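Novice: Read off the chains here:
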Amino acid sequence: MHIAVLVKQVPDSEATVQVKADGSGVEIEDRYTLNFFDSLAVEEALRIKGQGGDVVVTIITLGGQKGVEALRTGLAMGADQAVLLDDPAFAGGDEYATAMVLAAALKGMQVDMILCGKEAFDDSSGVVGPLVAEFLSMPSVTSVVKIQLAPDKGSALIEREIEGGKEVIKVSLPVLLSAQKGLNEARVPPVMGVMKAMRAEIKKLDLAAIGLPATVVGRAGSKEEILRYHRHPQRPAVTMLQGEAADIVRQVVGLLKEEAKVI
Amino acid sequence: MAGAVWVFAEHQEGKIRKTSLELLGKGRQVAGEVGAPLIAMLLGSGVDALAQELTTYADTVYHWDDPAVALYNSEIYCQIIAELAHKEQPQIFLAGATFLARDLFPRLAGRLKTGIAVDCLNLELEEDGLLVARRPLFGGKALADVVCRQGRPQIALVRPNTFSLPDAQGPAHGTVVRLPVGVDPAHVKIQVLEVSRPPKERLDLTEAEVIVTGGRGMKAAENFRLLEELADVLNATVGATRGVVDSGWRPHGDQVGKSGKTVSPKLYFAVGVSGAIHHVMGMDTSKVVVAINKDVQAPIFQYADYGVVGDLFEVLPLLTKEMKQGTGKG
Ligand SMILES: Cc1cc2nc3c(=O)[nH]c(=O)nc-3n(C[C@H](O)[C@H](O)[C@H](O)COP(=O)(O)OP(=O)(O)OC[C@H]3O[C@@H](n4cnc5c(N)ncnc54)[C@H](O)[C@@H]3O)c2cc1C
Ligand SMILES: Cc1cc2nc3c(=O)[nH]c(=O)nc-3n(C[C@H](O)[C@H](O)[C@H](O)COP(=O)(O)OP(=O)(O)OC[C@H]3O[C@@H](n4cnc5c(N)ncnc54)[C@H](O)[C@@H]3O)c2cc1C
Chain H
1 MHIAVLVKQV
11 PDSEATVQVK
21 ADGSGVEIED
31 RYTLNFFDSL
41 AVEEALRIKG
51 QGGDVVVTII
61 TLGGQKGVEA
71 LRTGLAMGAD
81 QAVLLDDPAF
91 AGGDEYATAM
101 VLAAALKGMQ
111 VDMILCGKEA
121 FDDSSGVVGP
131 LVAEFLSMPS
141 VTSVVKIQLA
151 PDKGSALIER
161 EIEGGKEVIK
171 VSLPVLLSAQ
181 KGLNEARVPP
191 VMGVMKAMRA
201 EIKKLDLAAI
211 GLPATVVGRA
221 GSKEEILRYH
231 RHPQRPAVTM
241 LQGEAADIVR
251 QVVGLLKEEA
261 KVI
Chain E
1001 MAGAVWVFAE
1011 HQEGKIRKTS
1021 LELLGKGRQV
1031 AGEVGAPLIA
1041 MLLGSGVDAL
1051 AQELTTYADT
1061 VYHWDDPAVA
1071 LYNSEIYCQI
1081 IAELAHKEQP
1091 QIFLAGATFL
1101 ARDLFPRLAG
1111 RLKTGIAVDC
1121 LNLELEEDGL
1131 LVARRPLFGG
1141 KALADVVCRQ
1151 GRPQIALVRP
1161 NTFSLPDAQG
1171 PAHGTVVRLP
1181 VGVDPAHVKI
1191 QVLEVSRPPK
1201 ERLDLTEAEV
1211 IVTGGRGMKA
1221 AENFRLLEEL
1231 ADVLNATVGA
1241 TRGVVDSGWR
1251 PHGDQVGKSG
1261 KTVSPKLYFA
1271 VGVSGAIHHV
1281 MGMDTSKVVV
1291 AINKDVQAPI
1301 FQYADYGVVG
1311 DLFEVLPLLT
1321 KEMKQGTGKG
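Those sequence lines, one after another, are chains H and E. Letter 114 of the first sequence, counting from 1, is numbered 114 in the numbering used here, and no numbers are missing. Letter 192 of the second sequence, counting from 1, is numbered 1192 in the numbering used here, and no numbers are missing.
If we strip away everything but chain E, and leave its shape as in the complex, we get (with noise of 0.2 Å):
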């Protein structure tokens, strides 16, 4: 199927990821717009419930079922898709900006001798079928639309959330393909030998749909229960500063920021935060920003929709409160 797009459906605990099903929504209209056949990217092991579930978006999924691709490896991954991009020449490939695609594609880019834009805002057609990718330069400071005219297929990688998800499934319709996985072991200099995923309630950062991050005015690492009440309510993700992390108050993985994470939920609580450069450019996509901050020339307030004033151990707790009673979670 020349001339396909392909969208690369990231898989974890059982379930397809969120920014995937995002990419899937924005891969079909894609599709439509260049009149092509969109095609779901599936390795896994175990995983037939969801190479059926991958048919309500996508024409046809490409399913590579073996235990050597259960886990994630970039050579093996990298070697398999390679192989039969080569054969079926795509012209786009999309997939969620994830720590594994952006382990993953770059190589696949020098494979396939063609561009990548990663980290993408925004995707848009030309009437030629090219791509506009938009993505974020100087931390967000500028932005640029990128273009691949040199290769095939055309590579975006996407920040999470930044796609509304499909709208809700039709029935199955597409196909599923099953790919034997042929590895040559010569070529397998890495071994993944153990993936490490405390299981959480929540979602990660990057996919969160709404966050609430606590700075240094919390004061203490006890104090972040306060955070943890107002996310139970809202069903959202903690996160926390540099500063905060440097502290050993949270672990690194909750870090927002330009050495962190980069987060683009629709709402984005600031406690406690300064608002410093290197942490606004992890958030600043945020749909909506609320800061809770004491110090009124905080300059957080200035990339914020929602600036209170006040002190967050007073603050929090009757946040907490009006929200249950807001949200009918009381």
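One chain only, chain H, in its complex shape (with noise of 0.2 Å):
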């Protein structure tokens, strides 16, 4: 069985960011790590491969030398071989040209499974997993909370979350999964594996080696623009209540009524 796992390297969430003040870009402070979510996506290929059989985990990331980081962490925690992406026609692209990308290296694979972060710290739209599978007419499921492969592993009974719920669906592979939080607690790489990674073989391949035109990825295969960045608009500054309880109380619940007009 093989199962390839998406994985982005992305800001950590207590990076600073900053909006350009012309609108024109954004700089990101230099903290970067692996998806959370994605974090989650690798160690569950990791689950499946500890049930035993012949289970071959390979992860995959489009993105320069971030995305390196991104697969020594991955090889770290177990994966069998990593694979990057990388030619600067891809630069630019936006999820449908990413996914266009991914989708043609996969291709070439043979995969049983794919699996992916419900959606990337950075960007957050959620949308390179289901979009890689429609690509590659493969069904998928995002939001997953449990993976329960079938013994002959030709299907899955999968538990996705949905609001106040969950649903329980029935696929046959290959299919794309994207991995939600509450699928399982991601391993911190072991010492030994953080030095195999260091020196293990990452596989580059490029515009050329997935046999695609220049016109399909990157910013000549976007579907969207970006026309300006903002930053967040600023809460004016807060209110602080300090005293009595019962008199702050009385206070706040005053300001929500007359000064908020919420309750």
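Among the hints, a few may not be true.
Said to hold, decoys possible - Chain H residues, not near chain E, derived (Cβ > 12 Å throughout):
| hint | residue |
| --- | --- |
| 1 | MET1 |
| 2 | LYS20 |
| 3 | ILE48 |
| 4 | GLY64 |
| 5 | LYS107 |
| 6 | GLN110 |
| 7 | VAL194 |
| 8 | MET198 |
| 9 | ARG199 |
| 10 | ILE202 |
| 11 | LEU205 |
| 12 | LEU212 |
Said to hold, decoys possible - List of simulated lysine-lysine pairs, DSSO-like, C-alpha gap at most 27 Å:
| hint | chain 1 | residue 1 | chain 2 | residue 2 |
| --- | --- | --- | --- | --- |
| 13 | E | LYS1189 | H | LYS146 |
| 14 | H | LYS257 | E | LYS1018 |
| 15 | E | LYS1287 | H | LYS261 |
| 16 | H | LYS261 | E | LYS1321 |
| 17 | H | LYS107 | E | LYS1018 |
| 18 | H | LYS166 | E | LYS1189 |
| 19 | H | LYS261 | E | LYS1266 |
| 20 | E | LYS1189 | H | LYS49 |
| 21 | E | LYS1189 | H | LYS107 |
| 22 | E | LYS1294 | H | LYS261 |
| 23 | H | LYS170 | E | LYS1189 |
| 24 | E | LYS1189 | H | LYS153 |
These aren't lab readings, by the way, just hints derived from the structure by calculation. Being a predicted model, the structure only gives us computed values, none of them experimental. Every residue, glycine too, gets a C-beta built ideally from N, C-alpha and C.
Using the hints, put the two standalone chains together into the complex.
Specialist: Here it is in structure tokens:
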């Protein structure tokens, strides 16, 4: 069985992000980490591998040097092999163009299952996974909190989170599943794994290797265009209420009624 | 009807979801501006009453009425909607950014070879009918205005509670068009076996107008009773931090934050919540935020409109009592 995991290196949640004064872009502090949901996806692949049988876990990312870091983390956790998709032509791609490249690379890999994160912490659209599945004509289930593979590995029972509940879904393989919190707890890479990952060879694929024309990748292949960036609107300064509990409670209720007019 | 504005009408327990009504309101405005009809998409079995209700908002209601679409199935839904979209060429397609829509619409965008903007916080039209969607990046630390020039329809999934509900329903003026569900079973690899949604009196966090969230400062699962009581008075939904969920005090579905739900209520109470960035990313578009914390240095106060410094065990019962009197529910 071959499981591919889509991973992405993203700015740490605590990294500062500054919108340029002219709105033309953002400056991101250099604090990156493997996307949280992707670490769940890697963990799940390793969990399935741990159940026995002949399972190979390949992690794959689109993105230059930052991408390599994501791959090393995945390898350190225990993935078998890593693929980096890197080519100047991939630059400036939106989710559609990103998924196009990932799908083309995966096409040649004979995968039985693709795992990805529910969303990436940076752009958070949660679009890349289902798009990859669509381009590969394979079913997809998002926001997955449980995966139970049938003994013959031809299908799986999936639990997916929905508002206020869950769905149980039976799906045939190959399938793409996006990991939601609750699926598992990702392991911390062991020291031995980290050392092994440093030396591991990372396979690189460029535009020619995946066999797509330059017109469908990167900026050229994008559907969306970013016009401008804005800063998050600032909340007005907080009104602090201190003192006797009964007094401040009365005050806050008054303010919510008279000033904020929300109750 | 080429060039129409479509709105996906999601329903649950026999009711059109609030977020879909919000989009029907916004869709009406957008349709007016581009001079196109507003069309509601309804899939479901035994929901004729909803189709009728939708005619008060939309010019046309496309209704697929078939047991095959009684439960959401991404493959069936995608196939039938895509087929109609190919035929009708809508220019804009709006939906609430729900779990269903976030599962379905990326695939739909792929099949229709068009772009999609998810979790939008605003929509505006340029003169040429180009839809400018404002969406959050980096958990809301930045916002981007995105447009889709290279495909139709322009798809936008909007964060619930972003647009207000349409004005009181007018008389029914739209027509219902029933469409057959011609699904090719060979294409269906997904089978939905069960949907379990314990009946709840409260709106889901994502749609709630008022949320009272408890953090680890609540100290124990049973103390959430204090929040439930406040929630009762305010008709609010109770939320939790990850610290609380990881302690097993509340289910994961209650978690607000970057790895939980993103919420946008009118009024948000953060009680015994420190205000970690991961939490803030999930609630920072709330209109009014009240923080209750005994630590005057707690970061949550930086993200609040009103900061109550005090012991929550003392403050909560008083607050509930005061609200009861204040809202006439005493
Ligand atoms: C017009 C436009 C231009 C852009 N230009 C650039 C640019 O120049 N440089 C840039 O860095 N970004 C650019 N972006 C952002 C980039 O397209 C997205 O970050 C990327 O498509 C992933 O989208 P997302 O973060 O929303 O991922 P989501 O859809 O939220 O990701 C879901 C899951 O998909 C998988 N996944 C996502 N991205 C990748 C990836 N790259 N490799 C492997 N798996 C992945 C992960 O498992 C992830 O958890 C641009 C976006 C737009 C709209
Ligand atoms: C990848 C990642 C994703 C994450 N995602 C999320 C997420 O989605 N949502 C989320 O919430 N967190 C998330 N976190 C965790 C987050 O970083 C914080 O650890 C968490 O939010 C803290 O929860 P808390 O505020 O309940 O607890 P604490 O940080 O322990 O804060 C408790 C607060 O209660 C106050 N307090 C204590 N007693 C009282 C009292 N008697 N009266 C009044 N106040 C009192 C204290 O002063 C303190 O400020 C994530 C973390 C990571 C690394």
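Novice: Each hint needs a verdict: does it hold in this structure or not?
Specialist: Hints and how they fare:
no.: 1; hint: MET1; result: 17 Å, holds
no.: 2; hint: LYS20; result: 10 Å, violated
no.: 3; hint: ILE48; result: 19 Å, holds
no.: 4; hint: GLY64; result: 19 Å, holds
no.: 5; hint: LYS107; result: 15 Å, holds
no.: 6; hint: GLN110; result: 18 Å, holds
no.: 7; hint: VAL194; result: 24 Å, holds
no.: 8; hint: MET198; result: 28 Å, holds
no.: 9; hint: ARG199; result: 32 Å, holds
no.: 10; hint: ILE202; result: 27 Å, holds
no.: 11; hint: LEU205; result: 21 Å, holds
no.: 12; hint: LEU212; result: 15 Å, holds
no.: 13; hint: E:LYS1189 - H:LYS146; result: 18 Å, holds
no.: 14; hint: H:LYS257 - E:LYS1018; result: 24 Å, holds
no.: 15; hint: E:LYS1287 - H:LYS261; result: 11 Å, holds
no.: 16; hint: H:LYS261 - E:LYS1321; result: 19 Å, holds
no.: 17; hint: H:LYS107 - E:LYS1018; result: 40 Å, violated
no.: 18; hint: H:LYS166 - E:LYS1189; result: 19 Å, holds
no.: 19; hint: H:LYS261 - E:LYS1266; result: 10 Å, holds
no.: 20; hint: E:LYS1189 - H:LYS49; result: 24 Å, holds
no.: 21; hint: E:LYS1189 - H:LYS107; result: 19 Å, holds
no.: 22; hint: E:LYS1294 - H:LYS261; result: 25 Å, holds
no.: 23; hint: H:LYS170 - E:LYS1189; result: 8 Å, holds
no.: 24; hint: E:LYS1189 - H:LYS153; result: 15 Å, holds
Hints 2, 17 from the list above are not met by this structure, while the remaining hints are.
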